[in-house]
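Required output: the full structure, derived from the provided sequences and hints.
Chains D and H, in that order, are what the protein sequence lines are. Mapping of the first sequence onto my numbering: position 255 corresponds to residue 255, and the numbering continues sequentially without gaps. Mapping of the second sequence onto my numbering: position 95 corresponds to residue 95, and the numbering continues sequentially without gaps.
Hints may contain errors.
In the DSBU-like style, the derived pairs of lysine-lysine whose C-alpha atoms are separated by at most 35 Å in a straight line are [as the list claims (entries may be wrong)]:
1) H:K145 x D:K44
2) H:K64 x H:K97
3) H:K64 x D:K145
Label pairs and their computed distance ranges (CB to CB) [what the hints assert, rightly or not]:
4) H:L223 x D:Y287: 49 to 59 Å
5) D:I4 x H:N23: 56 to 66 Å
6) H:C22 x D:N23: 56 to 66 Å
7) D:Y287 x H:R291: 56 to 66 Å
8) D:N164 x H:N243: 52 to 62 Å
9) H:T226 x D:D13: 49 to 59 Å
10) D:C22 x H:S29: 30 to 40 Å
11) D:N164 x H:E163: 34 to 44 Å
12) D:L169 x H:E163: 42 to 52 Å
13) H:K254 x D:S29: 29 to 39 Å
14) D:G105 x H:K266: 53 to 63 Å
Some, not all, of what chain H presents toward chain D, calculated at C-beta under 10 Å [stated by the list, open to error]:
15) P12
16) N23
17) F24
18) V139
19) I143
20) G148
21) Q156
These aren't lab readings, by the way, just hints derived from the structure by calculation. Please read all numbers here as calculations on a predicted model, not as lab measurements. Just so it is clear, CB atoms sit at the ideal spot from N, CA and C, and this is done for glycine as well.
Protein chains: 2
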Amino acid sequence: MTTILTIAELYPDFEHHLIQACNFSTSSSTLTQSMQYSLQAGGKRIRPLLALTTCQELGCNVEKAYPIALALECIHTYSLIHDDLPCMDDDDLRRGKPSNHIIYGQAHATLSGDALNTLAFDILSDPNTNLDSNTCLQVIAEIAKAAGYKGMVGGQALDLENENKSVSLSTLESIHRHKTGKLIEASVVSGALVATTNANTISTLRTFGQAIGLAFQIADDILDVTQNSQTLGKNAGSDLRKNKSTYPSLLGMKEAQKLLLTTHKKAIDALDRLGLPFTNLRNIADYIVARTS
Amino acid sequence: MTTILTIAELYPDFEHHLIQACNFSTSSSTLTQSMQYSLQAGGKRIRPLLALTTCQELGCNVEKAYPIALALECIHTYSLIHDDLPCMDDDDLRRGKPSNHIIYGQAHATLSGDALNTLAFDILSDPNTNLDSNTCLQVIAEIAKAAGYKGMVGGQALDLENENKSVSLSTLESIHRHKTGKLIEASVVSGALVATTNANTISTLRTFGQAIGLAFQIADDILDVTQNSQTLGKNAGSDLRKNKSTYPSLLGMKEAQKLLLTTHKKAIDALDRLGLPFTNLRNIADYIVARTS
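Rendered as structure tokens:
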């Protein structure tokens, strides 16, 4: 068993790997800067941390999961850049800084998002990943499905189409399971794929990932109402302004908070079934419920 | 040796495979329609045909290259959708039809481009591709590099930054080698990777791909001046309107046509060095020079 690093130790390690990975140049210096600006803007790094710690808490050297962690952050970052565009959610503040298109313009924001999307697969297919080819392909398949029309992009489209509409709870859950949930689920599963081939372990961790993915979004909806923009690092109250249905708007704040706790319990129950400590994964699940930004 | 299908036979076969591949649904019906609209809008299908015929002309069953052909067309199509956006080249006509954002709006055009980009890697990592894992990974690496900041997206960024500027011939070549050339080169090389591990064959076919990639763009610049919008299926004269440097504007029409022929010869010379007939590849190279749209 290798030493298990805490989340507090993994975070700066990931930032260090990210800075190294950002040490590239492109034929366009504006494109390079635009990509680096958003990658290095900070953030919770939930997806990479999930992949890294799932890998190590299953007994595998955490270094093996770094390409996956980087790829996940590339995809998450590209989705934020494109979501913030005026034609999409039109947000000018992200991670406490001006959105990418505010600094680099819409054309370069579109292109840097495109480049980061592709960069994820460039990183995962690099012959130096130290992962065997079968595992690499499984991870690519997992992440591509979670990020594309079957997952994140499908969810964002559904979200846009339901602005200014009153949606059912099941539609709201479908939006969030796709838009946010699938990539969080894939983060846990791809970290697991590096460490094990045990189908039961992978499927139980998938259940964990699905639950924390949903919990993350319920918490997001609650924070949008209860916190201010400075604490969030993005514009607060934006769901209300865009007339979007949310868990608090559909269920009321009290029931939304109750659902958050039930969903958190589902996640913890899944971990309990596997009989390993999973200290970090439990901490991340707790953080998702307790976070203020 | 399997039977070599002609380009005229491969084209409808590819369209058939593409229609089958388009038989998907997403959580958003608008997103699905938007993706299918652009994939099925016709087009020359140069990239898929290059991959398919390179594979078969090296003696391998063409069926093996279909996932690659589909992935290449997904990436090419996403790049057209995003390039046509108002914040980029702002073109309202593509493949003889209204551009994607004219029909589906900018938000869905952005998302369907994103989804097609990711779909390429979903297709390539599918366990049913019938390719061994190592080859799959090599192809993913080849295509990701060619499509991302090291290739197509980098070239598009450089192109945008040089609008309304007088550029040198070497900058123009760099723009085109990245923006159009790299993915055409990757189409040939990935078709070859399926069929052979011979490094000399792959590298010589890379030279062929680079030459026809450049020839394709020189021809494009010439056609933008000499043809009308109806023949081209996109707005003619757009380089001039956007004040973009082109081969005819930098060299004059006569020298541009001469460079087109020299570049075509480089491509044919590469094929000659390999001692195989490559009838289809020669036909595609000839078509690139002689095409009117």
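Structure-based check of all given hints:
no.: 1; hint: H:K145 x D:K44; in the structure: holds, 28 Å
no.: 2; hint: H:K64 x H:K97; in the structure: holds, 32 Å
no.: 3; hint: H:K64 x D:K145; in the structure: holds, 22 Å
no.: 4; hint: H:L223 x D:Y287: 49 to 59 Å; in the structure: holds, 57 Å
no.: 5; hint: D:I4 x H:N23: 56 to 66 Å; in the structure: violated, 46 Å
no.: 6; hint: H:C22 x D:N23: 56 to 66 Å; in the structure: violated, 39 Å
no.: 7; hint: D:Y287 x H:R291: 56 to 66 Å; in the structure: holds, 58 Å
no.: 8; hint: D:N164 x H:N243: 52 to 62 Å; in the structure: violated, 40 Å
no.: 9; hint: H:T226 x D:D13: 49 to 59 Å; in the structure: holds, 57 Å
no.: 10; hint: D:C22 x H:S29: 30 to 40 Å; in the structure: holds, 38 Å
no.: 11; hint: D:N164 x H:E163: 34 to 44 Å; in the structure: holds, 37 Å
no.: 12; hint: D:L169 x H:E163: 42 to 52 Å; in the structure: holds, 48 Å
no.: 13; hint: H:K254 x D:S29: 29 to 39 Å; in the structure: holds, 35 Å
no.: 14; hint: D:G105 x H:K266: 53 to 63 Å; in the structure: violated, 37 Å
no.: 15; hint: P12; in the structure: violated, 26 Å
no.: 16; hint: N23; in the structure: violated, 13 Å
no.: 17; hint: F24; in the structure: holds, 7 Å
no.: 18; hint: V139; in the structure: holds, 8 Å
no.: 19; hint: I143; in the structure: holds, 8 Å
no.: 20; hint: G148; in the structure: holds, 4 Å
no.: 21; hint: Q156; in the structure: holds, 6 Å
Checked against the numbered hints above, the structure breaks hints 5, 6, 8, 14, 15 and 16 and satisfies the rest.
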